[in-house]
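*Asks:* Sequence:
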Amino acid sequence: MNKNLFFLLLLVAQYSFSQSNVIGSIKTEVIKKRELNFVLHIPENTTEKKPLILFLHGSGEKGTDIEKVKTHGPFKYLKNHEIDAYVLAPQCPENEYWDEEVLYRLILKIQKENKIDSHRIYLTGLSMGAWGAWNLVFAHPETFAAFVPIAGFVDRIPMIENCKIAAIPTRIFHGLLDDVVNVDYSIAIYKKLKTCNGTVSLTIFDDANHDSWSQVYDNQEIYDWMFKQTKNTQNEN
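Taken in order, the sequence shown gives residues 1 to 237; the numbers are from this note's numbering.
Among the hints, erroneous ones may be present.
[Claimed, not checked] In silico lysine-lysine, DSSO-like type, Cα no more than 27 Å apart, as pairs:
(1) Lys62 to Lys33
(2) Lys50 to Lys33
(3) Lys50 to Lys79
(4) Lys231 to Lys50
(5) Lys231 to Lys191
(6) Lys50 to Lys115
(7) Lys112 to Lys50
(8) Lys79 to Lys32
(9) Lys68 to Lys27
(10) Lys231 to Lys109
(11) Lys62 to Lys76
[Stated by the list, open to error] Taking CB as the label site, the calculated pair distances span:
(12) Lys49 to Lys79: 19 to 29 Å
(13) Pro93 to Ile157: 42 to 52 Å
(14) Asn21 to Ala167: 41 to 51 Å
(15) Glu142 to Pro43: 20 to 30 Å
(16) Ser201 to Asn95: 30 to 40 Å
(17) Leu78 to Lys115: 44 to 54 Å
(18) Lys27 to Glu48: 40 to 50 Å
(19) Leu78 to Lys49: 13 to 23 Å
(20) Lys49 to Ala167: 18 to 28 Å
(21) Glu142 to Leu176: 31 to 41 Å
Keep in mind the hints are simulated off the structure, nothing from the lab.
For each residue, glycine too, the CB sits at the ideal point set by N, CA and C.
Produce the entire structure from the sequences given, and follow the hints as far as they go.
*Replies:* See the structure below:
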């Protein structure tokens, strides 16, 4: 046998026999420190428990200027109208995205410090805020009595676990002409939810681009609808 070939075969044999598999596990804890600024609207009469609306803004309102969260949504409506509920608007830091666990802890904090009706907590958001709201409602579906996402991207998990929010009255809004977040996301998740959520509805504004939220938040009707929804009674639609 060729000497070089012999050594090559020997090397391959040694390498083959030296391989091994290791099976193990790791237990660890990852701690993240996060900070959110927020604005909380307090209703005039707080002698009794009132509903809570959690509003998540879009990417344009990120940062440290807390007044930005009043640009759109319920706080814009509050400039000229009254909402008989607590309205909570956190602000996402500049280089971050909505974190559902941080948002959930914020809700717990607000509940602890105010007279919140735990059966009437409502979740809504626009654009990036709708994306964050989709993730939050699927992470903690037991928390919310109604859900209103507007012009939002939808991640894969909501698409797969659609029936997880089968009991939550949901109204989805989107602009047909949206060139930032394709309307197909809202159509796809609506079709998924429709298989198990009899209360879900989808409204597509034919003449709206990405800003389809003004037609929703600037109208008293959406607040009236939310306030009719509770977690412990039959929902009205």
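*Asks:* Okay, Leu78 versus Lys115 on CB: inside 44 to 54 Å?
*Replies:* Violated: the Cβ-Cβ distance is about 19 Å, outside 44 to 54 Å.
*Asks:* Go ahead and decide if the range 13 to 23 Å is satisfied by the Cβ distance of Leu78 to Lys49.
*Replies:* Holds - the Cβ-Cβ distance for Leu78 and Lys49, about 20 Å, lies within 13 to 23 Å.
*Asks:* Has the given pair, Lys62 with Lys76, been kept, meaning a C-alpha gap of at most 27 Å?
*Replies:* holds, 16 Å
*Asks:* Lying within 40 to 50 Å: is that true of the beta-carbon distance Lys27 to Glu48?
*Replies:* holds, 46 Å
*Asks:* CA of Lys50 to CA of Lys79, is that 27 Å or under?
*Replies:* Measuring from Cα to Cα gives roughly 20 Å; hence the hint holds.
*Asks:* Holds or violated: Lys231 and Lys191, Cα atoms, limit 27 Å.
*Replies:* Holds, at roughly 23 Å.
*Asks:* Evaluate the given range 42 to 52 Å for the C-beta pair formed by Pro93 and Ile157.
*Replies:* With a Cβ separation near 23 Å, Pro93 and Ile157 fall outside 42 to 52 Å, so the hint is violated.
*Asks:* Could one say that the CB atoms of Lys49 and Ala167 fall in the range 18 to 28 Å?
*Replies:* With Cβ atoms ~21 Å apart, the hint holds.
*Asks:* Starting from Lys231, check that the Cα of Lys109 is at most 27 Å away, please.
*Replies:* holds, 20 Å
*Asks:* Taking the beta carbons of Ser201 and Asn95, is their distance inside 30 to 40 Å?
*Replies:* Once the Cβ atoms are compared, 35 Å apart, the range 30 to 40 Å for Asn95 and Ser201 holds.
*Asks:* Holds or violated: Lys68 with Lys27, Cα cutoff 27 Å?
*Replies:* violated, 41 Å
*Asks:* Can you confirm whether the C-alpha distance between Lys79 and Lys32 stays at or below 27 Å?
*Replies:* Since the Cα atoms of Lys79 and Lys32 sit roughly 36 Å apart, the hinted pair is violated (cutoff 27 Å).
In this structure, the hints that do not hold are numbers 2, 8, 9, 13, 17, in rising order.
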